[in-house]
Amino acid sequence: MAAALSKIEQAKAELCGLELAPRLAELAAQGWDSLDEATLTIRLKWLGIFFRPVTPGRFMVRLRLPNGVIHADQLAVLADALDRCGEWGSADITTRQNLQLRGLLLEDMPPLLTAMEAVGLTSRQSGHDNPRNITGNPFAGIDPEELLDTRPLVEAIQQRLLAADGPRNLPRKFNIAVGGAPDSFLLHNDLAFLPAECQGVLGFTVMVGGFFSAQRNALAIPLGLWLRGEQLPVFSLAVLRHFERCGNRQARNKSRVMYLVDELGLEGYREAVLAEFATLGGEASSHDGQHLVTRAPRSGLGVQPQKQPGLHWVGLSVPVGRLDAAAMAELAAVARRHGNGELRFTEAQNVLIANVPADRLEALLAEPLLQRFSPTPGALMAEAVSCTGNRYCSFALIPTKTTAQAVVEELERRLELPHAVSTHWTGCPNACGQPYMGEIGLMGTKARHDGQMVEAVKLFLGGDMGADPQLAELHDKGVPLVQLVQVLENLLVERFGARRRTNVG
Amino acid sequence: MSAEVVSPSPVRVEVAGSPWTVEGGKLQREFMSLAAPGESDRWHQLQALQRGHLPLEPLIVQLVNGAVSPQADLLAALWGQIDRAGVERLLASAAGADPRPWLEAARQELPRLALQPRVIAAWLDPLLVHQTQVDPSQQLCWLEVLAHFQDPRVAQRLRRRVLELSRQGSTAPARPDGRVAALPLLPLLGRQRQRQDAPLLLQCSLDPGPLPWRRAALEGVALGLSAWPLPLLIPALERLAEDLSPALAAQAVDLLARVPGGQRSLRQLDGRRMEPSVAARLQRRLLCTPLVLVVHGRQGGEIPLVFTDLAQQLAQRRRAPVLLQALTAEAPMADANFWHQAQRAGGLTMVPLLLLPGEHVRRDLPALALAWRSAAKAALGESAASRLSLRRHPFLGSWPTWHALLVEKLEHAAAGRPWIWLHHPLQGRLAQRYLQHLARVLGRVGLAAPEPGQPLELPEGVGATGLVVPLGLAPSRMAESLNMGGLAPCTWEVLPPLLDLPGVRTFLLDRLEALA
Numbered sequence: 004m005a006a007a008l009s010k011i012e013q014a015k016a017e018l019c020g021l022e023l024a025p026r027l028a029e030l031a032a033q034g035w036d037s038l039d040e041a042t043l044t045i046r047l048k049w050l051g052i053f054f055r056p057v058t059p060g061r062f063m064v065r066l067r068l069p070n071g072v073i074h075a076d077q078l079a080v081l082a083d084a085l086d087r088c089g090e091w092g093s094a095d096i097t098t099r100q101n102l103q104l105r106g107l108l109l110e111d112m113p114p115l116l117t118a119m120e121a122v123g124l125t126s127r128q129s130g131h132d133n134p135r136n137i138t139g140n141p142f143a144g145i146d147p148e149e150l151l152d153t154r155p156l157v158e159a160i161q162q163r164l165l166a167a168d169g170p171r172n173l174p175r176k177f178n179i180a181v182g183g184a185p186d187s188f189l190l191h192n193d194l195a196f197l198p199a200e201c202q203g204v205l206g207f208t209v210m211v212g213g214f215f216s217a218q219r220n221a222l223a224i225p226l227g228l229w230l231r232g233e234q235l236p237v238f239s240l241a242v243l244r245h246f247e248r249c250g251n252r253q254a255r256n257k258s259r260v261m262y263l264v265d266e267l268g269l270e271g272y273r274e275a276v277l278a279e280f281a282t283l284g285g286e287a288s289s290h291d292g293q294h295l296v297t298r299a300p301r302s303g304l305g306v307q308p309q310k311q312p313g314l315h316w317v318g319l320s321v322p323v324g325r326l327d328a329a330a331m332a333e334l335a336a337v338a339r340r341h342g343n344g345e346l347r348f349t350e351a352q353n354v355l356i357a358n359v360p361a362d363r364l365e366a367l368l369a370e371p372l373l374q375r376f377s378p379t380p381g382a383l384m385a386e387a388v389s390c391t392g393n394r395y396c397s398f399a400l401i402p403t404k405t406t407a408q409a410v411v412e413e414l415e416r417r418l419e420l421p422h423a424v425s426t427h428w429t430g431c432p433n434a435c436g437q438p439y440m441g442e443i444g445l446m447g448t449k450a451r452h453d454g455q456m457v458e459a460v461k462l463f464l465g466g467d468m469g470a471d472p473q474l475a476e477l478h479d480k481g482v483p484l485v486q487l488v489q490v491l492e493n494l495l496v497e498r499f500g501a502r503r504r505t506n507v508g
Numbered sequence: 008m009s010a011e012v013v014s015p016s017p018v019r020v021e022v023a024g025s026p027w028t029v030e031g032g033k034l035q036r037e038f039m040s041l042a043a044p045g046e047s048d049r050w051h052q053l054q055a056l057q058r059g060h061l062p063l064e065p066l067i068v069q070l071v072n073g074a075v076s077p078q079a080d081l082l083a084a085l086w087g088q089i090d091r092a093g094v095e096r097l098l099a100s101a102a103g104a105d106p107r108p109w110l111e112a113a114r115q116e117l118p119r120l121a122l123q124p125r126v127i128a129a130w131l132d133p134l135l136v137h138q139t140q141v142d143p144s145q146q147l148c149w150l151e152v153l154a155h156f157q158d159p160r161v162a163q164r165l166r167r168r169v170l171e172l173s174r175q176g177s178t179a180p181a182r183p184d185g186r187v188a189a190l191p192l193l194p195l196l197g198r199q200r201q202r203q204d205a206p207l208l209l210q211c212s213l214d215p216g217p218l219p220w221r222r223a224a225l226e227g228v229a230l231g232l233s234a235w236p237l238p239l240l241i242p243a244l245e246r247l248a249e250d251l252s253p254a255l256a257a258q259a260v261d262l263l264a265r266v267p268g269g270q271r272s273l274r275q276l277d278g279r280r281m282e283p284s285v286a287a288r289l290q291r292r293l294l295c296t297p298l299v300l301v302v303h304g305r306q307g308g309e310i311p312l313v314f315t316d317l318a319q320q321l322a323q324r325r326r327a328p329v330l331l332q333a334l335t336a337e338a339p340m341a342d343a344n345f346w347h348q349a350q351r352a353g354g355l356t357m358v359p360l361l362l363l364p365g366e367h368v369r370r371d372l373p374a375l376a377l378a379w380r381s382a383a384k385a386a387l388g389e390s391a392a393s394r395l396s397l398r399r400h401p402f403l404g405s406w407p408t409w410h411a412l413l414v415e416k417l418e419h420a421a422a423g424r425p426w427i428w429l430h431h432p433l434q435g436r437l438a439q440r441y442l443q444h445l446a447r448v449l450g451r452v453g454l455a456a457p458e459p460g461q462p463l464e465l466p467e468g469v470g471a472t473g474l475v476v477p478l479g480l481a482p483s484r485m486a487e488s489l490n491m492g493g494l495a496p497c498t499w500e501v502l503p504p505l506l507d508l509p510g511v512r513t514f515l516l517d518r519l520e521a522l523a
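Residue numbers (my numbering), protein chains in the order written: chain W, 4 to 508; chain Y, 8 to 523.
Bound conformation, chain W alone (with noise of 0.2 Å):
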């Protein structure tokens, strides 16, 4: 007999959340308190759409934006929905590349949709168990020391996958990503596209596997196969169809694809995804898995010239990649009027301007905006990337946002680093920032504190994303939020050459 299906399974198979899309209006009608759970908690993920516990009636929309590009049009509206929200409205940049956008009321979503759809934007299938956005090297096509431009590969695998054939009802997330440079980390996703050579021709090599998770971590190993970039939309497809077939539908803390490598054995799935992608008239060769990516990636801030002469991209740290309607206006505004409109979004939170000719750059570098999102920022805040934190996700311990740019703030006013370090920041053990590919991962957590309990991080240490990349181990399983800085000071003039500065008041 075959086993109950669970809860979120059951919610699934009984209808897709794309089913919902033309009642949505309908739906906003009626309130959301009237939906049942399934469709608030689980269905309306399909679109886009997050109902979020810790601000209930205020909802969440995670977008898609394939490759991290956006343009100042599509920037300007989203920044319009926001601004309706007032005081609750707020924007993150993820560590997809993508942004979500916080404070809106269910009836908001009808004509943001529409408005979306106006300019080229899509939120759909953005959440739950679905293929999330596609991720690339965020200075594709500008980027002088690229390999090859990634944007044209995602955006077609994207294509390929939000098809009406395409996977709804995966068991489990998927991430994706293709690498385009030589700093393409792509590890953490459960299928990453490395550029590598075969026989000479440039091509990819697949990794499978990468995740990080409350139970395990991994990095993706090599499948052993190399395909070209053409066939990267069908042979995704493909493995998203085996993984849909096959995956673990029982336990949801064991269905991510590692598990199913795990099971098949690493050849055994790689028959398998073969024969699926056979079916689909795809053949990919064999290859070692030795490939391209040597080093870890760069942060792309400041003034940095583009492949195209006389062109630039101008690279902004967006603190712990928060974003409010004002700035995000003003970002679309800015780019419209010293570039061409394109932004960027990457993967470590930040933002970048492209296509700035020579003679705008004075003029971009003095525009007020870039007092918040210094081009130049401090070695710690360059290289923070934080999860949301208990401020809107209800599995978070702390306040990470918060507490990631108060402590480094107070860092960079103590100390003096002769380069940037890395330092990751986590709620929860669900790590959705990324706390093991930190140089310094942060995780949120409880600890005894004179006798209290009180807001606490596990600190990781040794995360490097370089040519032997290594996930960060356990440190310390409970520093206060209170001795952070202090601990953090040490940490950083014992083992990442920081000075503390002499005139620190």
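The reader is advised that the hints may include incorrect statements.
[Claimed, not checked] Here are some of the chain Y residues that sit facing chain W, going by a computed Cβ distance under 7 Å:
(1) G45
(2) L53
(3) A55
(4) R119
(5) R200
(6) L232
(7) Q258
(8) D261
These are calculated hints, taken from the structure and not from any lab test.
C-beta: ideal position from N, C-alpha, C; glycine also.
Assemble chain Y onto chain W, guided by the hints.
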């Protein structure tokens, strides 16, 4: 873990600094593995408990007999698992004495779980009873826990309490204001979405009182927005939009922008005295209506490219549909999005991009307006269409700003050379008066364009070289025959269509973008 634990004599065991009372050997070992608060495994274990992967009964027993303290994270994990009998045992025990951890747990999990029939069946009735039995000083806290359930009985209690607090505030302003402690009740009352609560929530927003109270009430209005009767809601929001508190006024403006018919209110508010940031917000909330740009068109209904480009750019700027209607062609098809936007903005706007008051302006435009009214009825039905306004703007050639622009652009294009302007032949007294007026504006009399194939005859004494200005926005037969047909003197330059001049295009984009 078995559920056969009945030992009445608990044994006290210290686990990782946290006292646990356990009952029996097997059970003891398993309870000892449940981490104490602050221990790293606790989060994982509570997640497992929340997912139904750990047995409940031993924990309930421990909570009931006081061996385990009812920490908020533990209670949060229990909400979705426990049955009614278990709830009643818990609430009747010492674990149900202090409402604070319950409230923390409720805020964390109930917004989601209180929609589940199983959770409602387990918790609602016991909580309704419990809330009336506790010490009065704790009733408010338990009411907030209860208020996460959407139920008429809950709404009634919330309503009564809010009303009491509201009256206390107005009748005894000197007493300590209980309203501040009860702020969370107002959004929760809004979420109950009982139509009868609209007057109370709106009154709490409007009445003088602590600003946090008024703002919480308005957030209650926001969270139940679509439930409230519009005849009550809209006037109250209009008043709030002019409130001295910018925060209240701003949210009222944002809410007005969301309700049916709210655009009309926003337009009425436009221009009133408001705090600058609120006035700016109001401008941002005013929605543009879909535009119908009436253009002359060419033979066969063809619309010149300059118009389609203009319409596309304008639609982007206004974030609203823009249709081009050629006088020489069938009316364009208005799609569902066009009518949707018209409904949201409260109407549609017709702008004739015609330069002269010929037959088209005098006769065709009224007929077109009638046709759009009929189209609205066909698309939306009689009732919805009656709420749409059709705004008709005067033809472009009558705008004083257009005249000023013409003078500037034509003088600039002539660059000191003599110049003349040509117009399509017009008939009728009105048209003649218009031409005389334009002649005064431009400082020279216009010439009627020659018949097709006839050469242009310049007035005497205008000079050997100069500029001919065909008065038209887009390419037309008149302009083409002057140029290509060699009908203009070869030493005279023929000015391109006016929309090809950057200043003209920018002028039209700016002016049309600014229309409501």
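Was the hint right that L53 of chain Y lines chain W, CB cutoff 7 Å?
violated, 11 Å
Hint check, R200 of chain Y versus chain W [nearest Cβ-Cβ separation less than 7 Å]
holds, 5 Å
With a cut-off of 7 Å on the beta carbons, see whether Q258 of chain Y makes it to chain W.
holds, 5 Å
Does the nearest C-beta of chain W fall within a distance shorter than 7 Å of the C-beta of D261 of chain Y?
Constraint on D261 of chain Y satisfied, holds at 5 Å.
Against chain W, is L232 of chain Y within 7 Å by beta-carbon distance?
At about 6 Å, which falls below the 7 Å cut-off, the nearest Cβ of chain W leaves the hint on L232 of chain Y intact, so it holds.
Is the shortest C-beta separation between G45 of chain Y and chain W less than 7 Å?
This interface hint holds because 5 Å falls under the 7 Å limit.
Restraint satisfaction for R119 of chain Y [CB to CB of chain W, less than 7 Å]
holds, 5 Å
Just to be careful: measuring from the Cβ of A55 of chain Y to every Cβ in chain W, is the smallest value less than 7 Å?
violated, 9 Å
Consistency note: the structure conflicts with the earlier hints numbered 2, 3.
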